[in-house]
Amino acid sequence: MFPLSSTTDTPTEAPRDTVREAELARILEALGAGVVDSLLKPNDDMWIRVTAETWRVTAEKLKALGYTYFGYVSAIDWLPSPFGKSEDDASGPSGERDSTIKQGYAGGDTRFQVIARLVQPFTTIGINIKVDVADEVMAVDSWSSVFAGANWHEREAHEMFGIGFNGHPDLRNMYLPTDFEGHPMRKDFPLLARIVKPWPGIVDVEPLPGDDEEEGEAS
Amino acid sequence: MTMLGDRQQLAYIASQAADARVNVELETEGMTLNIGPQHPATHGTLRIIARLDGEQVVWAEPSAGYMHRGYEKLTEVRTFPQVTALVNRIDWLGSFANEVPFILAAEKLMGVEAPSRAQHIRTILFELSRIANVSLFLGDLGVQLGAITPVFFAFRDREYVLNLIEGATGGRFHPNFDRIGGLKDDLPAGFIDETRVVMKKLRTFCDQIEDLLFGNEIFQSRTRGIGVIPKDVALSYGLSGANLRASGVDWDLRRDQDIPMAWNKTDFKVITHPDGDSFARCWVRLQEVRESTKIVDQLLDTIPAGPVMAKVPKIIKVPEGEAWVSTENPLGEMGYYVVSQGDQGPFRVKIRSASFNNISIVPWLLKGVYVPDIITILASLYFILGDIDR
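Going line by line, the protein sequences match chains A and B.
When we follow the numbering used here, the leftmost residue of the first sequence carries the number 1, and every step to the right adds one.
When we follow the numbering used here, the leftmost residue of the second sequence carries the number 1, and every step to the right adds one.
A hint or two may mislead.
What the hints assert, rightly or not - Mimicking DSS-like on lysine-lysine, the simulated pairs with C-alpha atoms at most 30 Å apart in a straight line are:
id: 1; chain 1: B; residue 1: Lys231; chain 2: A; residue 2: Lys63
id: 2; chain 1: B; residue 1: Lys73; chain 2: A; residue 2: Lys187
id: 3; chain 1: B; residue 1: Lys269; chain 2: B; residue 2: Lys231
id: 4; chain 1: A; residue 1: Lys197; chain 2: B; residue 2: Lys314
id: 5; chain 1: B; residue 1: Lys317; chain 2: A; residue 2: Lys102
id: 6; chain 1: B; residue 1: Lys184; chain 2: B; residue 2: Lys200
id: 7; chain 1: A; residue 1: Lys197; chain 2: A; residue 2: Lys187
id: 8; chain 1: B; residue 1: Lys294; chain 2: B; residue 2: Lys231
id: 9; chain 1: B; residue 1: Lys311; chain 2: B; residue 2: Lys184
id: 10; chain 1: B; residue 1: Lys317; chain 2: A; residue 2: Lys41
id: 11; chain 1: B; residue 1: Lys367; chain 2: A; residue 2: Lys63
id: 12; chain 1: A; residue 1: Lys61; chain 2: B; residue 2: Lys231
id: 13; chain 1: A; residue 1: Lys102; chain 2: B; residue 2: Lys314
id: 14; chain 1: B; residue 1: Lys73; chain 2: A; residue 2: Lys197
id: 15; chain 1: B; residue 1: Lys73; chain 2: B; residue 2: Lys314
id: 16; chain 1: A; residue 1: Lys102; chain 2: A; residue 2: Lys187
id: 17; chain 1: B; residue 1: Lys265; chain 2: B; residue 2: Lys184
id: 18; chain 1: B; residue 1: Lys73; chain 2: A; residue 2: Lys102
id: 19; chain 1: A; residue 1: Lys102; chain 2: A; residue 2: Lys197
id: 20; chain 1: A; residue 1: Lys102; chain 2: A; residue 2: Lys41
id: 21; chain 1: A; residue 1: Lys41; chain 2: B; residue 2: Lys294
id: 22; chain 1: B; residue 1: Lys269; chain 2: B; residue 2: Lys201
id: 23; chain 1: B; residue 1: Lys73; chain 2: A; residue 2: Lys41
id: 24; chain 1: B; residue 1: Lys265; chain 2: A; residue 2: Lys41
id: 25; chain 1: B; residue 1: Lys200; chain 2: B; residue 2: Lys311
id: 26; chain 1: A; residue 1: Lys187; chain 2: A; residue 2: Lys41
id: 27; chain 1: A; residue 1: Lys41; chain 2: B; residue 2: Lys314
Simulated from the structure, these hints should not be mistaken for lab results.
These numbers were taken from a predicted model, which means no experiment stands behind them.
Given only the sequences and the hints, what does the whole structure look like? Please build it.
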């Protein structure tokens with residue numbers, strides 16, 4: 001009825017996206033050696049990864065290039081959860097869980113990455129910017145002097161991931177009590193409710209008795 | 001910063017002077033005013049701590065986090081179809097609108113596109129959520145500024161819209177109706193006729209609110225020129241939705257973004273206002289409800305026939321990849337950055353909610369205003385606590 005994917009049907013003709021290609025070329029030229037890796041998915045989005053030293057300069061240069069709308073700043077912990085995936089029973093034995101770190105688009109060398117998004121107003125062409133955060137430093141420069149909105153986002157990332165932001169005016173906790181220990185969004189921080197009692201939703205995807213295996217059912 | 005009004009400049013000078021005076025031996029009668037966490041003007045539990053010099057705010061800081069539910073962590077232990085039940089509760093007045101960008105992100109990763117009938121119905125329900133959400137804002141606005149009547153109108157007319165949503169989805173507040181690949185069900189019989197009637201009622205409601213509230217002299221004098229946000233400041237704080245358009249930025253993701261929804265098949269105006277003050281923000285929202293009713297009317301005329309669900313596997317495994325999708329939600333731009341590593345559940349979901357950015361401007365905006373204006377400004381920025389704390 002409906003093809004699962006329209007892009008795989010025509011592998012011979014790769015989709016072109018001249019607007020984003022030109023934009024990415026412009027960005028790469030402006031940022032120069034600061035960019036470690038970049039990725040463009042046609043008619044979708046752009047990703048670049050910059051070095052930690054140029055993180056703040058990247059924001060300034062992109063702002064000058066017209067990316068004046070601030071989306072967000074957050075972080076990703078690429079360590080696979082030691083408590084299993086969503087379909088595993090977290091209270092069961094940990095067993096042979098894969099613990100190799102596998103970074104996403106635009107690559108990476110470290111467990112933690114800070115990710116941000118800036119958008120060009122009126123065109124909705126946005127760019128995702130990533131930066132590696134080395135384990136021994138655990139800090140990058142703050143964007144709050146470039147984009148005022150980064151202030152709160154960096155506070156959130158700081159308490160949730162334990163990543164420092166050099167030059168941030170006030171890295172107080174937003175959500176957690178001041179004496180809270182640990183960083184909840186790290187993958188090795190256990191979700192206690194899940195450990196104490198297995199999530200009943202694990203069996204949610206099993207077919208129910210009398211449920212005919214008809215097509216077009218999502219859940 | 002160039003567009004600061006005289007009043008804000010004066011207020012800024014006064015705040016500087018107040019700081020200077022604290023530093024010398026002559027201590028002024030400064031006081032710290034605590035608003036909330038339980039306060040009618042906070043739509044939940046936002047606490048504002050303001051340091052005052054007389055009637056003027058010298059420094060203010062919102063303290064969020066009384067309702068943090070850790071959805072970003074919880075998504076990591078759910079499967080993709082289960083996540084919609086969580087994200088429903090982010091902006092609880094326009095729940096269906098929260099599901100759509102997440103489902104679109106998952107569909108983008110899977111390479112699935114919903115059938116056009118499903119896209120149409122999604123857009124209709126999305127706009128109905130917007131109307132339900134913003135019409136309550138219009139009533140609530142009056143209460144916060146001391147006018148009681150509009151809120152009764154708002155609750156009455158919002159109920160019609162909630163009945164429609166309930167009729168179609170089974171849930172008044174939390175529909176949980178969107179599925180990867182389409183929708184759970186088709187529209188019920190009689191939905192289209194009923195919706196037409198309700199949209200007419202809602203337009204009448206807008207007229208009434210406009211007469212009652214926006215034409216009111218007291219309302220105007222309390223909102224005009226209060227809390228002015230210049231364009232460049234709004235952009236650098238990442239403000240979105242009506243707050244941004246009220247500062248004169250002609251930008252609406254429904255019109256400017258190419259996503260598989262039905263907005264590009266309709267004809268609607270993007271409302272902007274040049275002033276950037278509290279009045280402009282409220283006025284833009286009022287006009288947007290009107291435009292939304294027109295969008296719904298147009299979509300009702302053109303619903304295509306066909307299935308509401310694409311062919312997707314029973315057990316959904318989303319291929320490896322990363323995707324960002326954002327839509328123009330009732331409160332502003334809401335987006336999800338979804339990272340999948342080929343499992344049944346997402347690896348990481350960053351929820352970029354509109355109110356978090358919208359409210360982060362408050363420390364800047366409240367500097368130098370008078371105490372009664374705090375309420376006006378908070379009301380006009382319009383936030384939902386669940387949307388700040390997630």
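Could you tell me which of the hints above the structure violates, numbers in ascending order? 21 and 25
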